[in-house]
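Undergrad: So you can see what is in the structure, the chains are spelled out below.
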Amino acid sequence: DVKVTQSSRYLVKRTGEKVFLECVQDMDHENMFWYRQDPGLGLRLIYFSYDVKMKEKGDIPEGYSVSREKKERFSLILESASTNQTSMYLCASSRDRTGGNQPQHFGDGTRLSIL
Amino acid sequence: GNSVTQMEGPVTLSEEAFLTINCTYTATGYPSLFWYVQYPGEGLQLLLKATKADDKGSNKGFEATYRKETTSFHLEKGSVQVSDSAVYFCALNLPGNTPLVFGKGTRLSVIA
Numbered sequence: 005d006v007k008v009t010q011s012s013r014y015l016v017k018r019t020g021e022k023v024f025l026e027c028v029q030d031m032d033h034e035n036m037f038w039y040r041q042d043p044g045l046g047l048r049l050i051y052f053s054y055d056v057k058m059k060e061k062g063d064i065p066e067g068y069s070v071s072r073e074k075k076e077r078f079s080l081i082l083e084s085a086s087t088n089q090t091s092m093y094l095c096a097s098s099r100d101r102t103g104g105n106q107p108q109h110f111g112d113g114t115r116l117s118i119l
Numbered sequence: 417g418n419s420v421t422q423m424e425g426p427v428t429l430s431e432e433a434f435l436t437i438n439c440t441y442t443a444t445g446y447p448s449l450f451w452y453v454q455y456p457g458e459g460l461q462l463l464l465k466a467t468k469a470d471d472k473g474s475n476k477g478f479e480a481t482y483r484k485e486t487t488s489f490h491l492e493k494g495s496v497q498v499s500d501s502a503v504y505f506c507a508l509n510l511p512g513n514t515p516l517v518f519g520k521g522t523r524l525s526v527i528a
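Top to bottom, those sequences are chains G and W.
Quick note: to get my numbering, add 4 to the position in the first sequence (first position is 1).
Quick note: to get my numbering, add 416 to the position in the second sequence (first position is 1).
Only chain W is shown next, with the shape it has when bound in the complex (with noise of 0.2 Å):
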């Protein structure tokens, strides 16, 4: 069946650092491939897409890069903030009648 994994968290970075938050997938065809953002207390906002292999979607400072060989869409952010603390979900869409299906989240907290 079709899934996404993500890393568990939760993450834990200082002010500045690098971010790699790893997603990889499972599908029977051929997904577009989304990265959520909840911040505390609100609903899921969509991050950034790419629809095809080898796109990037970028948003934010966040980049993340279709990647079919290795079926995988890890989100990446040079220098993280503070006000990056929330948490992130990888999800997945196959074309047709289907919902999105998404990772289980990471919860990022970013501290001065």
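Here chain G stands alone, though its shape is the one from the complex (with noise of 0.2 Å):
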């Protein structure tokens, strides 16, 4: 089966800190997401990875980078934890990068709190 396992259910920072949410994947996929989930605002894209040292900005990549050195591990880094970055984060990975059919898989997300 599918796994996609994100590192932290729940987490709790202080503004200013350099925050890492880790997020494995055991499908040997090549695609790997970072979203952001707000009441009311749905899903958003911060980063994407189609491929090892790769990366694509997304819809609202102010504020954070990413970091992928395996093709296994995609990891979203704050570089100065904001409280508006308070949020559930929800890592995700699919396999196919052309035929646009597969789906993604979703990690169970981390609860930010940023204090």
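One or more hints might be untrue.
[Unchecked claim] Using C-beta positions, here's what the derived DEER-type ranges look like:
1) Val498(W) with Glu21(G): 34 to 42 Å
2) Thr421(W) with Lys74(G): 35 to 43 Å
3) Thr514(W) with Asp30(G): 43 to 51 Å
4) Lys61(G) with Glu432(W): 17 to 25 Å
5) Ser419(W) with Glu73(G): 29 to 37 Å
Everything labelled a hint here was simulated from the structure, so no lab data went into it.
Source: prediction; values computed, not measured.
Cβ atoms here follow ideal geometry from the backbone N, Cα and C, with glycine treated the same way.
Combine both chains into one complex, guided by the hints.
TA: Quick look at the structure:
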């Protein structure tokens, strides 16, 4: 069965801290994604990656960066956390980069609170 | 651009009622269409998908038909249960290096 694992379900950090959110998938998927989910705004894409060491900006990349050193791992980094980054963060992966008919598989999410 | 519009929630139904959640899309090409479900405290799970016009996706009693002429992919279930209470997301994907485009989600509450 497909498995996307996010390192923490709940995380509390302080303003100004550097925060790392980790995501690992075990399906050998090429594509990985980071979203944030906020009430009334749905899912918003932060960054995505179609291969190791490559990254693409999504709709709301400001204040975030990512790292993909290995195919199975995609890290989201909050360079200097701020209270408006309090949110639910969802990681996803998918297999096909060209066909367009492959679903994304999601982790259970990390609920991040910045105090 | 590419976009997905879902009916706004929340939707509240009694158990065994008929469910319809409307979804329409705008796309520059020929998308694949998906419905995802998010149960409380969890991530999104794929519920069903359709990859071409007139395809019907189905799973767990839910169905949706890809209607190219009306650019729609409405989700239906004949008899909802309390356990169907969740947030439902409609999404599209186009061939090539493009991420999924999601609707904003529709919260469904089913009461006994």
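Undergrad: Does each hint hold? Answer for all of them.
TA: Hint check results:
1. Val498(W) with Glu21(G): 34 to 42 Å: Distance hint for Val498(W), Glu21(G) holds at roughly 41 Å.
2. Thr421(W) with Lys74(G): 35 to 43 Å: For Lys74(G) against Thr421(W), whose Cβ atoms are near 38 Å apart, the range 35 to 43 Å holds.
3. Thr514(W) with Asp30(G): 43 to 51 Å: Check failed, 24 Å falls outside 43 to 51 Å.
4. Lys61(G) with Glu432(W): 17 to 25 Å: violated, 46 Å
5. Ser419(W) with Glu73(G): 29 to 37 Å: Since Ser419(W) and Glu73(G) have Cβ atoms about 34 Å apart, the given range 29 to 37 Å holds.
When each numbered hint is compared with the structure, violations occur for hints 3 and 4.
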